[in-house]
Each structure stands twice: as C-alpha cells, then as structure tokens.
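Protein chains in written order, with my numbering: chain A, 32 to 379; chain B, 466 to 773.
Treat each hint with caution, since some may be false.
Using 20 Å as the maximum straight-line C-alpha spacing, the simulated EDC-like pairs for lysine to aspartate or glutamate come out as follows [stated by the list, open to error]:
no. : chain 1 : residue 1 : chain 2 : residue 2
1   : A       : K84       : A       : D371
2   : B       : K476      : A       : D203
3   : A       : K128      : A       : D139
4   : B       : K688      : B       : D665
5   : A       : K113      : A       : E130
6   : A       : K129      : A       : D139
7   : B       : K598      : A       : D371
8   : B       : K684      : B       : D670
9   : B       : K764      : A       : D371
Distance ranges between label pairs, derived from CB positions [unchecked claim]:
no. : chain 1 : residue 1 : chain 2 : residue 2 : range
10  : B       : D543      : A       : K113      : 33 to 41 Å
11  : B       : A681      : A       : G248      : 52 to 60 Å
12  : B       : D665      : A       : F124      : 45 to 53 Å
13  : B       : D543      : A       : G248      : 33 to 41 Å
14  : A       : G248      : B       : N553      : 34 to 42 Å
15  : A       : I47       : B       : P768      : 53 to 61 Å
16  : B       : R673      : A       : S275      : 36 to 44 Å
17  : A       : Q114      : B       : L758      : 50 to 58 Å
18  : A       : T167      : B       : M575      : 15 to 23 Å
19  : B       : L758      : A       : I278      : 48 to 56 Å
20  : A       : P108      : B       : L599      : 41 to 49 Å
21  : A       : L54       : B       : L664      : 52 to 60 Å
Which bits of chain A does chain B cover? Going by a derived footprint, with three or more residues having C-beta under 8 Å, they are [what the hints assert, rightly or not]:
no. : region
22  : 96-103
23  : 172-184
24  : 336-342
25  : 358-371
No lab work stands behind these hints, which were simulated from the structure alone. As the structure is a computational prediction, the values presented were derived from the model and not from experiment. Idealized CB from N, CA, C, for every residue including glycine.
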Amino acid sequence: MQNDKPLKKNPLSFQIDPELFNLASEEEKAQQVTQRESVSFMRDAMRRLRKNKIAMICLAIIILIALIAIVVPEIYPYSYTKQDVSAKNLAPFEYSKKEQAKIDKGADVFPHIMGTDSLGRDYCIRVIYGTRISLTVGIISALIVVIIGIIYGSISGYFGGKVDLIMMRIVDIIYALPDVLIVILLSVAIKDWVATSKSQFIIKLGAGMVSIFIVFGLLYWVGMARQVRGQVLSIKEQEYVLASRSIGASPARIIRKHMIPNCLSVIIITAALQIPSAIFTESFLSFLGLGVSVPMPSLGSLASEARSGLQSYPHLLIFPAASIFLIVLSFNLLGNGLRDAFDPKLRS
Amino acid sequence: MNAKFAMYVLKRLGMAILTIFLVIFITFFVMHAIPASPFSSEKAKSDATIAALEAKYGFDKPVPVQFVNYLWNVLHFDFGLSTGWVGNTVFELISGGFKYSATIGFCAAMLAITLGVVLGAVAALNRGKWIDKLIQVLTTALVSMPSFVIATIFLLVFGLKLKWFPTMATQPGGLLLPIFSLSLYPMAYITRLERSSMLDVLGQDYIRTARAKGVAGWKVIFKHALKNALNPVITYAGPMMAGILTGSMVVENIFSVPGLGRLFVNSMLRTDYMMIMGVTIFLATLIILMNFLSDVLYKVMDPRIDLS
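Kindly generate the complete structure, drawing on both the sequences and the hints.
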C-alpha cells in the first residue's frame, strides 16, 4: 500500500496539511473527555452555590439542627414524656426543690436547659423532638412530592398529545382546589379513620403524621409535576437531543444524559422550597390540633400549648417559635441560593 | 378581541363553577367516609334517640340521595342544621362569624396591599442602598415566620406587656391586633413581588423614552412604572385570599375573635359535620371566586397577555 508512510506536506505549498486528518490518539481522546466533564452542569452549579455565603451558612445551620435532632434524644438524660410533678414550670436552668436537695448532697443533676412545662416535662428535649418531627415531615413530604411529581410529569411530557392533555387537566383541577381547606378536611377525616386503625405502624407514627403524608401525596405534587412536564417538553424539542438521536443515541442514553440532568435543577429547586412549606403546613395543623398526637410534641403543638401560660412563661413560646423560624428561614434562603446556582436561565 | 375576551371569561367562569362543585363533592364524601357518627362521641344515648336524631338530620337515607339533597340545599344557601350548636342553622352561624372575619380580612388585605406596594416600590427605587437591604431582610424574616408565632408575639408584646392595644375582640379597637398580625405575611410577600416587578419595569425601554421626553420624575414613577408593576400583585390576590382566610383560623383563635375561622376550628373539636362541610364550602367558594376575579382583572390590566 502506498499509504503506509505518513504523508508529508510540502512546506511551501498551499495544499491542506494532511496531518490534520490523522486519527486522534487515545491520549487526545482522553483529553476531550476530561475537558467536557470539568464543566459539567452539576459541578458548575455546586461551585456557584459554594460561593454563595448566605446559602452555605444556612446549609451549615440545617445540618447542625438535623444532627442535634438525631443525636441529642439518644443521649439526653430526660425523656419527652416523663412528667415530674415536683418540677413544674421551671425557668431555664432552674432546679426544683427535690433536685436542689440532690445537688446539695453532691449528686449531679442535668440542668433543664429550657426549663420545664406545666406538666413538669423537660422542655429542651420536647423542643428537640418537635424539631425532629418538623424536619422529618418536611423531608418526607418533599420526597413524596418529588417521586410522584417526577413520575407524573415525565410521563405527561414524554408522551405528549392526548395523554398529556388529560393528565394536565387533572393537574389543573387539583391546582384550582383551595389546598389548605382540603388539607384540613382530609386531616379531620383521616385522623378519625387512623385512630380506629389497628396497624401498629400507623399508631406509632401518629394519626396526624400519617394524614399529613397522605395529603401531600394527594395534593401537593401538582406543582412539581407541572415543572417537570414543562422541562421535559422543552428538552424534547432541543437541537442537541435531535443531534444525539441522529447519531444513534438510544432513548435510555437521551434520558440519562439530557433529560435527567436538565430536569435536576428544576427538581432540586422545587424540592428545596417544598420543605419549608411542608413544615409550615405541619405546624399550622398541629397548632389547630390536627397534627401529631399527644404526647408527641411538634413545634406547632408546643407553641399552641404555650399560649395558656403566655404571660408568666413566655419562654415556652419563644423556644419552639425560634426553632421553627430558624429552620424555615434557613431552608428559604438555601432554596433561593439553589435557585440562583441551578437556574440555567439566570446564568450569565 | 371583545368576543375573545368574553369567551375567556365564560370559560374561566365555567372552570370556577366546576371547581366549586368538585369541592362540594369532595367535602360531602370525605365527611361521610368518617366511621364515627356525630352523635356517638357525646354522652351515651339510647339507640332510639340516635335513630330519631339521624332522621331529624337526614342521615338515615342512602348516601347518594343525601348528596343530591345536600347539593340542592347548598344551591339555595341552606347548609343544614348544626349539631354542635343545637338550635342554629349552619347558615346563621356562618353569616354571624363572617361579619368579623370579613372585617378583619378586608382590612388586613388592604393594609398588606398598600404597605406592600409602597415598600416594594421604595426598595426598587433605592436598589442596593441601605433601605433596600433593610426591607429585604425584614421581608425575608417575615415570610419565614408562621402566622401563629407572629400573632402570639403581638398578643404578648403589644397586648399584654406594653398594653398599647386591647386584647379582647369585643372591646373598641380590639380588632386592630388581629388585623396587623394577619397582614404581615401577605405584606412581606407583596413587597418582594412588587420590588422585582418594579425593577423589571424600570429597565424597560418605555421608561427611558418617557424620561428622554422630559416627563417629570414622579410622573414617570406613578404613571408609567407603578401602574405596570402592579400586574403581578393582582395575580397574588387569589392566593392572598386563601392565605388570609386560613391565617384567620389561627389569629381568631389567639385573639378570641368570634369569627368564621374560630368557628371552623371549634366545629372540628365538636365533630359538627354539617358545620365543617358548610364552612369548607363557603370558604372554598370565596377563594375560587377570588381566583377567578384576579385572573380576569389581570387580563384586563395587561392586554399583552395572549387569551388563547
């Protein structure tokens, strides 16, 4: 064959340099791959998020609160149900007479960091338990919303046409319902139904928690479904999807490489903003007496109970209120940070 | 254009009526799915008494018949008899409570819109200055505070400690604290909405044109910028109505206002099904109608929106 030795260009000729048409070496190919990955969307967004100081502080606060809510109840010397008649309505760091006598004898008594409530239960552990409930409700509700929303939205967007039309009509109708009223109504009904249920799991979880999850599963996914559907519809029409299909990419690859990463930003933003709204709803229901069941504390029910002795013991309101404020504020600001970092439209 | 607009209004109205019907349907069947009877929770009664009571309230007929009857009655503003407040019709109770709730809600909404628009515009016009930053920090904090926390803190600080305002709703001026605490959340929300929409409008070409023509500064702001920046606020009217109505459940309880929200919560405690159904349908209808009105108004205010 005459092509065995590489063609060489005459330095003075105007011909195209044949060397440009050599096959790329493995090394050069590898270089291309690493270059593409270093600017991947996720990494780019994470870098931008890390630069956002407020969002990072909020993330740290959320992680700290979550750690406290997980760890502290395991090692704390008081339980959230134990009542001590001799230690009613103590101020923060105050000891009851019985405990004071013990201390005088030289025994170690763990202080009531936030005092005690009207039944003599340690308030700090109750607030921490309430925080645990609120965070659990927020995160599980967001998960429910994410799962149902993604499945529903992507089916609707992917198939399009009549399927999309019918599925979106259903979403429109649910969207038009006054959600809080339906939530209250369902909570009333489900609470009654769950209270008579014999399932050990439901009893342990509490009627209020179960009803909140059911309600979120029934009503609150519509926003997420709309977002995902819109995203899927617009990505389907993009040139780069057409391009990758034209060079033979399988549907699985298109979904993995294009659909999921592009929907991810919308999903993350919506989920992050769903958490504070779920926490709000739970505390609202608990405040009305429809949330978690006694003696399980929630931040809403703690604030509600604190009203009876408000003038003498305002700290009973301030601790759960501050806790819920801190959690919701952190999630809101983190959500804003995530939106700034992940929204491709805002990218300059 | 006019025919198209009429079509849009009709279509939107049809949707609203359908949603109201759906709410009635859901309310009825959810309440009838509850296993307990409204009479079982009270003192032990003989079977004959319960049967007589059920016949009196119409609970002895088959459920579909009950539904058709109920729907027919609701269309005639007859929500049935209350079982928790014996001797009263649900409609009497609702209209009695609605007097207070409407006063509080209307004042709170007006306060929220006025203050929100002014603060939002001020923040946008002073973008990046300390007053903008202050307004942003305050509103961010306010939308992270549940209504029951705001209301209880108001009661404690302004009502009980400083004694600036009366704490009982029946005293003169007693509705002031509930109105303030109810208006804070929507006010903060409207401020943020108005700020971003005002910033958007201020960057438009027609503002620059108006300035270039030599229109006075205040005239540009009031006639061109503010008027156009109001549109997103109108779309918030429906959700605000919902927020205020649910917020009033909490606030009325905290300040002991004998309004609709408190009535609703009490009817849940007394398992008064007719009352729960009646109030739910009443409030839902208000919210849905408000959504309808704000949608139509939005189209009137912004003719650029495509009606199809």
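Assess, step by step, whether the Cα of K764(B) is no farther than 20 Å from the Cα of D371(A), and give holds or violated.
30 Å, violated
Is K128(A) within 20 Å of D139(A), Cα to Cα?
14 Å, holds
Given a hinted range of 50 to 58 Å, is it respected by the beta-carbon distance of Q114(A) and L758(B)?
For L758(B) against Q114(A), whose Cβ atoms are near 52 Å apart, the range 50 to 58 Å holds.
Going straight from one Cα to the other, do K684(B) and D670(B) come out at no more than 20 Å?
Status holds; Cα separation ~16 Å.
Taking 20 Å as the top limit, are the C-alpha atoms of K688(B) and D665(B) close enough?
16 Å, holds
Would you say the C-beta atoms of G248(A) and N553(B) sit inside 34 to 42 Å of each other?
37 Å, holds
Is the distance from the Cβ of D665(B) to the Cβ of F124(A) consistent with 45 to 53 Å?
The hint (45 to 53 Å, Cβ to Cβ) holds, given that D665(B) and F124(A) are roughly 52 Å apart.
Quick check on a hinted range of 53 to 61 Å for I47(A) and P768(B), using CB atoms only.
Given range 53 to 61 Å: holds, Cβ gap about 59 Å.
Is the gap between the beta carbons of T167(A) and M575(B) within 15 to 23 Å?
About 39 Å separates the Cβ atoms of T167(A) and M575(B), which means 15 to 23 Å is violated.
Would you say the C-beta atoms of A681(B) and G248(A) sit inside 52 to 60 Å of each other?
56 Å, holds
Starting from K476(B), check that the Cα of D203(A) is at most 20 Å away, please.
14 Å, holds
Given a hint of 41 to 49 Å, does the C-beta separation of P108(A) and L599(B) actually sit inside it?
With Cβ atoms ~44 Å apart, the hint holds.
Figure legend: structure checked against the earlier numbered hints; hints not met, in rising order: 9, 10, 18, 22, 23.
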